[in-house]
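This note's numbering applies: residue 3 is where the sequence shown begins, and numbers increase by one.
Keep in mind that the hints were calculated from the coordinates and are not lab data. All C-beta atoms in this analysis are idealised placements derived from N, C-alpha and C, irrespective of residue type, glycine included. There's no promise every hint is true.
As the list claims (entries may be wrong) - Once the Cα atoms are required to be at most 20 Å apart in a straight line, the calculated SDA-like pairs of lysine to any residue come out as:
| no. | residue 1 | residue 2 |
| --- | --- | --- |
| 1 | Lys158 | Lys193 |
| 2 | Lys58 | Arg126 |
| 3 | Lys66 | Lys54 |
| 4 | Lys25 | Leu438 |
| 5 | Lys27 | Cys433 |
| 6 | Lys58 | Val334 |
| 7 | Lys158 | Met184 |
| 8 | Lys258 | Lys139 |
| 9 | Lys348 | Asp295 |
| 10 | Lys158 | Lys324 |
| 11 | Lys25 | Cys436 |
| 12 | Lys258 | Glu314 |
| 13 | Lys193 | Gly168 |
| 14 | Lys139 | Met352 |
Said to hold, decoys possible - Pair by pair, the computed Cβ-Cβ distance ranges are:
| no. | residue 1 | residue 2 | range |
| --- | --- | --- | --- |
| 15 | Lys348 | Glu119 | 38 to 44 Å |
| 16 | Leu24 | Glu119 | 37 to 43 Å |
| 17 | Glu398 | Leu24 | 38 to 44 Å |
| 18 | Gly372 | Gln401 | 26 to 32 Å |
| 19 | Gly389 | Leu162 | 27 to 33 Å |
| 20 | Asp437 | Asp293 | 30 to 36 Å |
| 21 | Gly372 | Gly189 | 22 to 28 Å |
| 22 | Glu119 | Ala379 | 43 to 49 Å |
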Amino acid sequence: MIREKVPFPKALGYICTHVCELKCKRGEVNEAMAIRGIKRYATDHDTGSVWKGKGKQLQDTGKKVCVVGGGPAGLTAAYYLRKQGHAVTVKEALPTVGGMMAYGIPSYRLPREIIAEEAEVIARQGVQIEVNEKVEKPLELLQEYDAVLMAIGGHKGVRLPMEGNGLDGVILNADFLRNASMGKETGIGRKIIVLGGGNVAFDCARTAKRLGAQEIHLACLEAREAMTADDEEIQQAQEEGIIVHPAQTFERITGKEHVTGVDFMNVKSFAFDENRRAVIEKEEGSEHHIDADTVIFAVGQRPDITEEAGLELGRGNTIAVKDTDRQKESSVQGIFGAGDAIYGTKSVIMAIESGREAASEIDRYLGGDGDISEILAPVGDAEPYIGQCPGFGYLEKKQTQVDEPGKRADNFNLYDHGISDGDICAEAGRCLQCDLRLKIAGPSLWGDFAENKEA
């Protein structure tokens, strides 16, 4: 059932932001269900016997599609377009596919063999994948293909316009994580300051720790409760010795030729105005300095594309489309966009959703019906069960098995081993079965409480 909607079910079990758990009704009792953990367990134990060789595969249409970018959005679109019968070629600029899953998310969170395994499923569907193929002029692809999808992701880091931003020792997040992933020289020193408060910033800090940095600080504008990184990411980073400084302004990066540190001030209040410009109130007399020999900007990424590509660009260097949700055609007929390339840095699950939407739209553009749905799991109804479970409301959420900081912080081995075999059924048993009401028909009359019945 999971694979019916996403071609990366296993990867999502490891790195999905699991915002669905915020809506879980069990959270109103005590703690939400470990939805991501349960899905990870299911995919970790998946042999493929249920779904392999099944699902939709329409006859070839004779139409050709080029997908530029082999990240989650591009590969998702390629997967479903191929199932619709179109010939699909993916052109990836880097040596392997996966996009930011492979070059932005560290391997201690998402092992590379998982990405390779799921990309192989897509390739076996008949998608042709070409790596080390950077496309500079997408309009020329229309001479060979009937449609083009630009899913180039956000591989270019953002350098804040502040004093000292060009000194030696100043690094951009995307460059740093990509070089670390590829085993290349990263250029970091011993004392690091990461500027930013999202998950990518913590990926940078924790990667620097694993590369041998001795002292690592992370500073951001947001207060602790407003930081965009996952709580577990923040907690685990602090356990590994990362020093977190919330509610800080970045005044200047100091140094003459090479970085010597960063000057900060405390933030009293911080918000965005209607034009998404930061409105910051600083605390008077709070100036302070932190020494460092490396500064990593981790305040966002943007697509690596210029106007020379021949496409209209929008805010944050994104590819302008008619509507990021419903109409993904660009300023050039036949060229579409998806994922971070059209709306900026989001999440893997949002990129997959965008890829599905793009596949449906391109299929309609090529003469199809746009219906990319398929059924892989056997159809059947579970037996409804209402019974008593003593202490049901107090059943605590089962946690994943995580290595101690001393065991994990100096290497890139996977450290979160998921929910144990002994706990997984207990965790699944905490479910409130919210769908049960759809299985049980109510009586035609409710006794004394029937509608219009007199007292």
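Structure-based check of all given hints:
Between the alpha carbons of Lys158 and Lys193 the distance comes to roughly 24 Å, so the proposed pair goes past 20 Å and is violated. Taking the CA atoms of Lys58 and Arg126, the gap is about 14 Å. The hint holds against a cut of 20 Å. Simply put, Lys66 and Lys54 have alpha-carbon atoms about 25 Å apart, too far for the 20 Å limit, and the pair is violated. Between Lys25 and Leu438 the CA atoms are separated by roughly 17 Å; this keeps the pair inside 20 Å, and the hint holds.
Distance hint between Lys27 and Cys433 is fulfilled; the C-alpha atoms sit about 9 Å from each other, no more than 20 Å. For the suggested pair Lys58 and Val334, the alpha carbons sit about 30 Å apart, so the restraint of at most 20 Å is broken. About 16 Å separates the Cα atoms of Lys158 and Met184, which keeps this hinted pair within 20 Å; it holds. With a C-alpha separation of about 40 Å, the suggested pair Lys258 and Lys139 falls outside the 20 Å cut-off, and the hint is violated.
Using a Cα cut-off of 20 Å, the hinted pair Lys348 and Asp295 is violated, with the two alpha carbons roughly 30 Å apart. For the given pair, Lys158 sits about 23 Å from Lys324 by alpha-carbon distance, which is inconsistent with the 20 Å threshold. At most 20 Å may separate the alpha-carbon atoms for a hinted pair to count; Lys25 and Cys436 meet this at roughly 12 Å. Straight-line distance between C-alpha atoms of Lys258 and Glu314 comes to about 39 Å, which puts the hinted pair past the 20 Å bound.
Straight-line distance between C-alpha atoms of Lys193 and Gly168 comes to about 18 Å, which keeps the hinted pair within the 20 Å bound. For the hint linking Lys139 to Met352, the alpha-carbon distance of about 26 Å lies beyond 20 Å, and the restraint is violated. Between Lys348 and Glu119 the beta carbon distance is about 24 Å. The supplied range of 38 to 44 Å is therefore violated. For Leu24 and Glu119, the Cβ-Cβ distance of about 29 Å falls outside the hinted range of 37 to 43 Å, so the restraint is violated.
Checked against the hint of 38 to 44 Å, the pair Glu398 and Leu24 fails, with Cβ atoms roughly 19 Å apart. Between Gly372 and Gln401 the beta carbon distance is about 42 Å. The supplied range of 26 to 32 Å is therefore violated. About 58 Å separates the C-beta atoms of Gly389 and Leu162, a value inconsistent with the hinted range of 27 to 33 Å. Between Asp437 and Asp293 the CB atoms are about 56 Å apart, so this pair departs from the stated range of 30 to 36 Å.
Between Gly372 and Gly189 the beta carbon distance is about 47 Å. The supplied range of 22 to 28 Å is therefore violated. The beta-carbon spacing between Glu119 and Ala379, approximately 20 Å, falls outside the hinted interval of 43 to 49 Å.
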